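Chains A and B, in that order, give the protein sequences. Under the numbering used here, the residue at position 139 of the first sequence is numbered 139, and the numbers go up by one with no gaps. Just so we're on the same page, the numbering used here is the position in the second sequence counted from 1, plus 290.
These are calculated hints, taken from the structure and not from any lab test. Please note: incorrect hints may appear among the correct ones.
Stated by the list, open to error - Below, simulated BS3-like cross-link-like pairs (lysine-lysine); rule was C-alpha separation at most 30 angstroms, straight line: (1) B:Lys305 - B:Lys365; (2) B:Lys305 - A:Lys117; (3) A:Lys147 - A:Lys130; (4) B:Lys365 - A:Lys117; (5) B:Lys565 - B:Lys504; (6) B:Lys425 - B:Lys460.
Just so it is clear, the structure is predicted and the values come from calculations on it, not from any experiment.
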Amino acid sequence: MTAITATQAPSRTSRFAKNRARELTGKTGWTVLGWVVGIAFFLPVLWMVITAFKPESAAETWPPQFVFKPTLAQFRLVFSGMGPFLEHSAIATVGSTILVLLLAIPAAYALAIRPVKHWRDGLFFFISTKMLPIVAAIGPLYVIALKTHLLDSIWVLIILYAAMNLPLAIWMIRSFMLEVPTEMLEAARLDGAGRIREMSEVIMPVVVPGIVSTALICVIFAWNELFLAINLTVTNAATMPMFLISSVPQEGLYIAHLSAAATVASVPVIIVGWIAQRSLVRGLSMGAIK
Amino acid sequence: MAAVNYVAASRVYAKGAPPAVDALDLDIKDGEFMVLVGPSGSGKTTALRMLAGLEPLDGGRIEIAGRDVSDVQPKDRDIAMVFQNYALYPSKTVAENMGFALKMQHVPRDERARRVREAARLLELDDKLLDRKPKALSGGQRQRVAMGRAIVREPQVFLMDEPLSNLDAKLRVQTRSQIAELQRRLGITTVYVTHDQVEAMTMGHRVAVLADGKLQQCASPRELYDNPVNQFVAGFIGSPAMNLQTATLTDGGARLGGTVIPLAAGVRTAAARDKLSELVIGIRPEHMHLADAAARSADGFGGSGTDGAELTGEVLLVEELGADALLHVRLADGGGSVVTRTEGRKAPVPGQQVRFRVQPADVFAFHPVTGARLAG
Numbered sequence: 001m002t003a004i005t006a007t008q009a010p011s012r013t014s015r016f017a018k019n020r021a022r023e024l025t026g027k028t029g030w031t032v033l034g035w036v037v038g039i040a041f042f043l044p045v046l047w048m049v050i051t052a053f054k055p056e057s058a059a060e061t062w063p064p065q066f067v068f069k070p071t072l073a074q075f076r077l078v079f080s081g082m083g084p085f086l087e088h089s090a091i092a093t094v095g096s097t098i099l100v101l102l103l104a105i106p107a108a109y110a111l112a113i114r115p116v117k118h119w120r121d122g123l124f125f126f127i128s129t130k131m132l133p134i135v136a137a138i139g140p141l142y143v144i145a146l147k148t149h150l151l152d153s154i155w156v157l158i159i160l161y162a163a164m165n166l167p168l169a170i171w172m173i174r175s176f177m178l179e180v181p182t183e184m185l186e187a188a189r190l191d192g193a194g195r196i197r198e199m200s201e202v203i204m205p206v207v208v209p210g211i212v213s214t215a216l217i218c219v220i221f222a223w224n225e226l227f228l229a230i231n232l233t234v235t236n237a238a239t240m241p242m243f244l245i246s247s248v249p250q251e252g253l254y255i256a257h258l259s260a261a262a263t264v265a266s267v268p269v270i271i272v273g274w275i276a277q278r279s280l281v282r283g284l285s286m287g288a289i290k
Numbered sequence: 291m292a293a294v295n296y297v298a299a300s301r302v303y304a305k306g307a308p309p310a311v312d313a314l315d316l317d318i319k320d321g322e323f324m325v326l327v328g329p330s331g332s333g334k335t336t337a338l339r340m341l342a343g344l345e346p347l348d349g350g351r352i353e354i355a356g357r358d359v360s361d362v363q364p365k366d367r368d369i370a371m372v373f374q375n376y377a378l379y380p381s382k383t384v385a386e387n388m389g390f391a392l393k394m395q396h397v398p399r400d401e402r403a404r405r406v407r408e409a410a411r412l413l414e415l416d417d418k419l420l421d422r423k424p425k426a427l428s429g430g431q432r433q434r435v436a437m438g439r440a441i442v443r444e445p446q447v448f449l450m451d452e453p454l455s456n457l458d459a460k461l462r463v464q465t466r467s468q469i470a471e472l473q474r475r476l477g478i479t480t481v482y483v484t485h486d487q488v489e490a491m492t493m494g495h496r497v498a499v500l501a502d503g504k505l506q507q508c509a510s511p512r513e514l515y516d517n518p519v520n521q522f523v524a525g526f527i528g529s530p531a532m533n534l535q536t537a538t539l540t541d542g543g544a545r546l547g548g549t550v551i552p553l554a555a556g557v558r559t560a561a562a563r564d565k566l567s568e569l570v571i572g573i574r575p576e577h578m579h580l581a582d583a584a585a586r587s588a589d590g591f592g593g594s595g596t597d598g599a600e601l602t603g604e605v606l607l608v609e610e611l612g613a614d615a616l617l618h619v620r621l622a623d624g625g626g627s628v629v630t631r632t633e634g635r636k637a638p639v640p641g642q643q644v645r646f647r648v649q650p651a652d653v654f655a656f657h658p659v660t661g662a663r664l665a666g
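So here's chain A without its partners, still in its complex pose (with noise of 0.2 angstroms):
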């Protein structure tokens, strides 16, 4: 009896090592991948930011300068031509969010917590709108554009913003009104809680999460777009991305302009994705966990 003990308490223990130096080195190597995938994902924007406060001649270069005297000047240049382009930008996105918003809540309503007949077909149709190549489309859109006067006016990146993000959204919100149970529902209807107060009190508590993740990912989509506003718009409404292509001078050097330009136009996504976080987090991981 004791010699069996004997000899079996070695190897156990040996091999409880084993197995723990080969979690521990497990472990470590998810640790180092992260790190490397992070990393990579994170040094062309370091790259932009530090190549932002280079003087022009240091920004070009090779191999790259490290060692460098830091200047405003490039972000001078930037702020002294970008006010008209930051406006336009500012109002598109917020407008056309708040217009999807609008727009997908009530939708979503529709298909997730009462469905209306045919709602696989709706929300089919709601998707399939995004197959279509916006290359397809944007001949009839600049005549449509045109014919209705708002060829270069804000309007115009207004409704094909919110166009453009509106089946994404109501995709979204959907799921989110998925995940509030149905008894829940019921127990309001019993408690006597009419369509608004269930929408306020019961449905919105849950989803909200979620609608400000789906909004945040609307920014970001209508801050970024270009392709619609460089066909459609030309000063009266130019954006961002479009100032961006307008610091790419026809010849001379423009890396470090270019960078500070485009470290500027981050900024305002990363501030709102940073106040969002929170609800980012819950949102996306929504029904992840019960």
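Given chain A, work out where chain B should sit, using these hints.
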């Protein structure tokens, strides 16, 4: 408080499909605790939801206090429901959850707070819990909040849809008696749905057994147990279930496991009238009395000395329950396997041959096709 009447109430989910609830007639008295019990798919929950107004009626009507409520909105039926998963509002505190219905009825804030506190006291919910969100509560506390939400409304009828099924076994037994006691104290008509026949038997004043959307029998728990109207009710009520075995009819009895079990004259007449050659015999586990060694040696074989019958078989399995033990026995001569209840300390061991004595009065007989009880 009010009586509830189902009058030929039906619900059909899909065209052509058999009705989920088929022409249900059920009269629930004022202040009664009525349990709807049945296996899944029996229509018990649908019947409750029809009363709540969450399912429309496809035929018949439902009355509360004599008023036809078939077309009345759920909120105007003066009922309160406790859901299986409680359906508490996660963003509201316990007090807000409980007071929500009153808020919807525009009850003033002070009155609302008073009634919520009263309900909390009734349910022994700590005042400190009232400001918490449901997420911060234990399962048992959530269950009580769900009860509280119903009580606060002071409705005419309580509807409960398997409210105990998310609790662990011990808490379930405890809460079971609390709910029954609370209902008795409040005297509010209650319709309670469960699939658990023990809950049904212990809680209900009367129990309605449903199967395939049809009401099988509605009676007191004792009556259901002693006088099931058909094979389904006999098999469903009681734990362990009644032993049901097909037996061949002979003169004066039915042959089962090599023994003739005497049948009452009424049963024989009924079987003869239906020209049956076999029928289903039902014997409750506790009615199969283990014949001990002393009785056996004095009595001899076959049990000819009394009017009972003696069945023999081999013990396959012994389930110890503490006070009792359940024996799974294979009857001799291909009589099938049965379960019997016996005293725990004197239980035989698997493999042992045993004899059981059965009194004719304890034998139920059912029609082999329709399942209806055969009786004089």
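Consistency of the hints with the structure:
A distance of roughly 28 angstroms separates the Cα atoms of B:Lys305 and B:Lys365; the hinted pair therefore holds under the 30 angstroms criterion. Taking the CA atoms of B:Lys305 and A:Lys117, the gap is about 17 angstroms. The hint holds against a cut of 30 angstroms. For the suggested pair A:Lys147 and A:Lys130, the alpha carbons sit about 24 angstroms apart, so the restraint of at most 30 angstroms is met. About 26 angstroms separates the Cα atoms of B:Lys365 and A:Lys117, which keeps this hinted pair within 30 angstroms; it holds.
Pair hint B:Lys565 plus B:Lys504 holds up; C-alpha atoms about 27 angstroms apart against a cutoff of 30 angstroms. Our distance criterion of 30 angstroms between C-alpha atoms is met by B:Lys425 and B:Lys460, whose separation comes to about 22 angstroms.
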